[in-house]
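Protein chains: 2
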Amino acid sequence: MTERTPIEVKDVLKRIEEHPNVTGVIIAEKEGGQAIHSTLDTMETAYYIKHCNTLTGIARGAIRETDPTNDLQFFRIRTKKYEILLAPESNYLLIVLQNTAKASGK
Amino acid sequence: MTERTPIEVKDVLKRIEEHPNVTGVIIAEKEGGQAIHSTLDTMETAYYIKHCNTLTGIARGAIRETDPTNDLQFFRIRTKKYEILLAPESNYLLIVLQNTAKASGK
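Just so you know, the protein sequences line up as chains A and B, in that order.
12 is the number of the first residue of the first sequence in the numbering used here; add one for each residue after it.
12 is the number of the first residue of the second sequence in the numbering used here; add one for each residue after it.
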């Protein structure tokens, strides 16, 4: 996985946060699960980090169980009300929340 | 969620299985996790049903924890080597595996 510089990360974040469908963006440390950046309040941030870390951990374990050379790249969870996009990078987890209604058909 | 008739389900399945990127399709009972239909061998089928049921169960629990009127609709897991699409219907779970290489850019 390619490492990005802090400036590149900032630019990517800005582009994501300015997207009209996006309702929240969180970046969390992979180890420990502390938020590095979040547009949500503390409780919501903690809620998403906790559950998203659990899901990516289980998915990664399952994927590598049969093939240790494989790895998780991206996760998209659509609910009736919103969509969660998860991008596990090497040191952090990017969580993006977006509206399902506007995002439908994508 | 709209229920489909067995003929509609067969048609949908045929269309999915004929898609050039698709490498496997499983339909599993929601309760008990038995395969109703699978294009994979018994071991692979059991592996995917087990892990996909775990993931959808955890995701659904997390989603409904804060909002019991919300529900999981669709799950997309991209790995380096393949992609897993999960569609939990009311009585069954549809699992579709497709090539990441050919599917990239979607």
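Calculated directly from the structure, the hints in this document are not laboratory data.
All of these numbers come straight from a predicted model, not from anything done at the bench.
Check each hint, because a few of them may be wrong.
Copies of one chain are not kept apart here, so a pair can be met inside one copy or by any two copies together.
No farther apart than 20 Å at their CA atoms in a straight line, the calculated lysine to aspartate or glutamate pairs in the DMTMM-like style are these [as the list claims (entries may be wrong)]: (1) 21 / 76; (2) 21 / 78; (3) 92 / 42; (4) 92 / 19; (5) 61 / 19; (6) 92 / 40; (7) 41 / 55; (8) 92 / 22; (9) 25 / 100; (10) 92 / 82; (11) 91 / 19.
Could you check the structure against the hints above and give me the numbers of any it violates, in ascending order?
-> Hints 1, 2, 3, 4, 5, 6, 8, 11 are the ones this structure does not satisfy, whereas the remaining hints hold.
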